[in-house]
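J.: Add chains E and L to chain F, keeping to what the hints say.
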Amino acid sequence: MDLIQIASIIGAEFDGENFEITGMNTLKDASKTELSFVSNSKYLKDIQNSNAGAIIVDNNTKEYIPDGCRALVVDFPYWQMATLSKYFAPKIEDETLPHAKIGEGTQISQKAEIAKGAVIGKNCMIMAHVYIGANAFIGDNTVLYPSVTVYRDCKIGSGCIIHANTTVGSDGFGFATNKMGEHKKIYQNGNVVIEDDVEIGSSTAIDRAAFGTTLIKKGVRIDNLVQVGHNCVIGEYSVLVSQSGISGSTTMGRNVVMGGQSATAGHLSIAPFTTLAARSGVTKSIQKSGLTFAGFPLMEHRLWLKLQAKIAKLIQ
Amino acid sequence: MDLIQIASIIGAEFDGENFEITGMNTLKDASKTELSFVSNSKYLKDIQNSNAGAIIVDNNTKEYIPDGCRALVVDFPYWQMATLSKYFAPKIEDETLPHAKIGEGTQISQKAEIAKGAVIGKNCMIMAHVYIGANAFIGDNTVLYPSVTVYRDCKIGSGCIIHANTTVGSDGFGFATNKMGEHKKIYQNGNVVIEDDVEIGSSTAIDRAAFGTTLIKKGVRIDNLVQVGHNCVIGEYSVLVSQSGISGSTTMGRNVVMGGQSATAGHLSIAPFTTLAARSGVTKSIQKSGLTFAGFPLMEHRLWLKLQAKIAKLIQ
Amino acid sequence: MDLIQIASIIGAEFDGENFEITGMNTLKDASKTELSFVSNSKYLKDIQNSNAGAIIVDNNTKEYIPDGCRALVVDFPYWQMATLSKYFAPKIEDETLPHAKIGEGTQISQKAEIAKGAVIGKNCMIMAHVYIGANAFIGDNTVLYPSVTVYRDCKIGSGCIIHANTTVGSDGFGFATNKMGEHKKIYQNGNVVIEDDVEIGSSTAIDRAAFGTTLIKKGVRIDNLVQVGHNCVIGEYSVLVSQSGISGSTTMGRNVVMGGQSATAGHLSIAPFTTLAARSGVTKSIQKSGLTFAGFPLMEHRLWLKLQAKIAKLIQ
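Chains as they are written, first to last, in the working numbering: chain F, 1 to 316; chain E, 1 to 316; chain L, 1 to 316.
Calculated directly from the structure, the hints in this document are not laboratory data. Source: prediction; values computed, not measured. Treat each hint with caution, since some may be false.
Since the list gives no way to pick out one identical chain from another, each pair is judged satisfied if it fits inside one copy or across any two copies.
Claimed, not checked - Mimicking DSBU-like on lysine-lysine, the simulated pairs with C-alpha atoms at most 35 Å apart in a straight line are:
hint	residue 1	residue 2
1	62	155
2	91	185
3	185	101
4	313	42
5	155	184
6	179	155
7	306	284
8	86	32
9	111	42
10	42	288
11	179	288
12	179	306
13	184	45
14	179	122
15	42	86
Only chain F is shown next, with the shape it has when bound in the complex (with noise of 0.2 Å):
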């Protein structure tokens, strides 16, 4: 689709030179053929810095465009990017793909369905009901039970263990909203990319990215029904209990240990070796490594512990 074509679908402002463009992507992500879009006025560094080929932008934000980059000006920046996020939506299966190709030794079930474009490894065990995507690739050794789904263009490492009933790349939860109170969504056209020997739980579920990679790295331990939301980074042999959610957009470094029921806010940085206590709520970033946090609002256990025997004694 190229710039004229995309201007006219989302009623732009737009007279420079036309040339094609490839895909969406964040302010910092987007190549020289991608598009992008400021919603905000605090993302005026990242306009500044961005090699996108165009961006979609309002009047208020238009000046900071910088050189060689093309503006589409529209009134609702944020709306018009949910608009073309449908454009550039892949098929969900695609029939022109290749046969999926799968590897010595690996067991598929007859009922599992893999759909083409995928490659799965060596010696996997696929079980029943399990749905494999388009271009999803699997590594070696791997296990998946029964009734996991993988969605399409999702990467899943060697030696990982998947259990039943989870989900790894559903859509990310991302949608804009109008004056009227109505909803667009808003195509999540990234993935998910679990390294190696990670394993997780049943009925956990892993959004894909809205643009690039919700990444869970090597050594990972999931357990059950637990969210990572879009675009988060899961680090090194971080442990997330049961019934822990991670909102969209947040970056954890390795050894971070998540009890149950904890959660974090969206678009933070979680400092390696950090422990989060159950039930703890993070609302800002933690730069200090190797500390233990606990409550709602967060801060360090031994601080909490003493709060809680103060808190006490109000009814004494």
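T.: Relative to the frame of chain F, chains E and L by itself:
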């Protein structure tokens, strides 16, 4: 089943005019051919206004039965209602129903299962390992990702997207308990109705109504791992973030936002445009619209912030 | 596998009498032909009373080994136990087992998968996309809704109902961690036993035991999205409301009620007839039966109400 049979099953006193009962329902919604029940003297007003053909009562409540309505008198009306609910439960699947009807342009995986009596609209995508139950209805242009289960009699609108491993219409959590602490299932003979343009994440659970309908209105967005109890009504364009939970019979207006891991008790009413911060817990109805709440016990968000500042000072 | 082979795998010192080891178990439950382990000096009493044929110990604990029991001395017993657990893990499916036995009147969807060695009773309904693993046992009159997964060796009683997308018997969240922060899986070689007349909601996860059995007793009611960790025991007629979570090895008496989003830590004992309010968090065992608790930290519900009133006054 007629009243004499019903009285015999539950050991009720009954000697009035016999007639055929077509189903069970709440005091408020029961019609002339339906049976209702009253388990609690706080519903006395509902008895007096009920159009039910017959009502299961105990000795304390029988005198409130309106004229023309039959009383079935037992010691434990709620327990006997549970007993009877099984007799009115439709079969899970029914071979006598007509073959499913599938609209033009709809793709159905050969590994999906569509029960008899189902009706599916045009241009849908029904992926592998989906189950669509007896008499279920799916509108046009709707996508059901792998391992979505839609129980019998449930209806899903047009333009909906439901992600993998989500369940629509499983039984509400209903049972009667006797003095021995034993439970008896209340068969959930209602359904779920999801209106148009609704998106639901993965591993979410939406329970069917005990009687009547659990209703998800137009444009709602539901994230992963969310619980919607039986007989809830979710208003248009409401947003339920991951791991939030709504107990049975709670009704919310349009554009309510429930943050991650927030929850409501049952039988509440939540005003339109209410925002519930992450982890908040609602135990009373919210009458005034447009406010933001937090905490458990719940309070206005600005008060919660103030309170947390005070609490933090306890350890200074 | 005999002791010399085992010693070789884990690099243990061993020069006693060699014999065949039939499995691994806890200090308390291991028999004369089983191997156990001790990782922590707080279990010294359990060592002395153990009937295990051999125990993996470190230099500090080896002197407590009872007469007639062999010691396998290593630096990190828990890590080496994890190493060995893989060798004792049964195959996920086993083609040498006999064909599944299906009772009279049982309906099994052609889209369900029943592994070899399974035994299913009479008049059950096994719906589409269900998976029943090797040697699993299902009693009479039990309904498994679509996409229920029952792992190998698990047992489900008669008259049970399990709703869609629920998992019975996935691996408990068990692993050893070395000084580099790397994890090694502890294969979960136990099972789940669900007694008669139990109903379980949708997308619930019940983990198999590491050794022995995760036990759900007669008449229990479990809602949607509930987590039951490995080796838990849930007492008769207990009620686990949606999104509640029970950590590993916690045992509860009969008629315990856990409210929505409540949770317990692991290795606790909860007295019969305890009621835990919604969102409560239990970190210590509850000895006295019949009480109602709330909050996190947990306290009696009446105190919690009093405390909340005091806390609210902080901002008056």
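J.: The structure should be examined with respect to each hint, and the outcome stated for every one.
T.: Against the structure, the hints:
1. 62 <-> 155: neither (37 Å within a copy, 46 Å between copies)
2. 91 <-> 185: within (16 Å within a copy, 37 Å between copies)
3. 185 <-> 101: Both: 33 Å inside a chain and 29 Å across chains, each within 35 Å.
4. 313 <-> 42: So residue 313 and residue 42 pass the 35 Å test across copies only (32 Å; inside, 44 Å).
5. 155 <-> 184: both (28 Å within a copy, 22 Å between copies)
6. 179 <-> 155: between (38 Å within a copy, 29 Å between copies)
7. 306 <-> 284: Both: 21 Å inside a copy, 18 Å across copies.
8. 86 <-> 32: within (21 Å within a copy, 50 Å between copies)
9. 111 <-> 42: Neither, since 50 Å and 48 Å both go past 35 Å.
10. 42 <-> 288: Result: close both inside a copy and across copies, 25 Å intra and 33 Å inter.
11. 179 <-> 288: Between. Shortest inter-copy distance 20 Å satisfies the 35 Å Cα cut-off; intra-copy 40 Å does not.
12. 179 <-> 306: between (46 Å within a copy, 30 Å between copies)
13. 184 <-> 45: Within one copy, since 27 Å is at most 35 Å while 44 Å is not.
14. 179 <-> 122: Between copies only: 31 Å across, 52 Å inside.
15. 42 <-> 86: So residue 42 and residue 86 pass the 35 Å test inside one copy only (26 Å; across, 52 Å).
In summary, the numbered hints that this structure violates are 1, 9.
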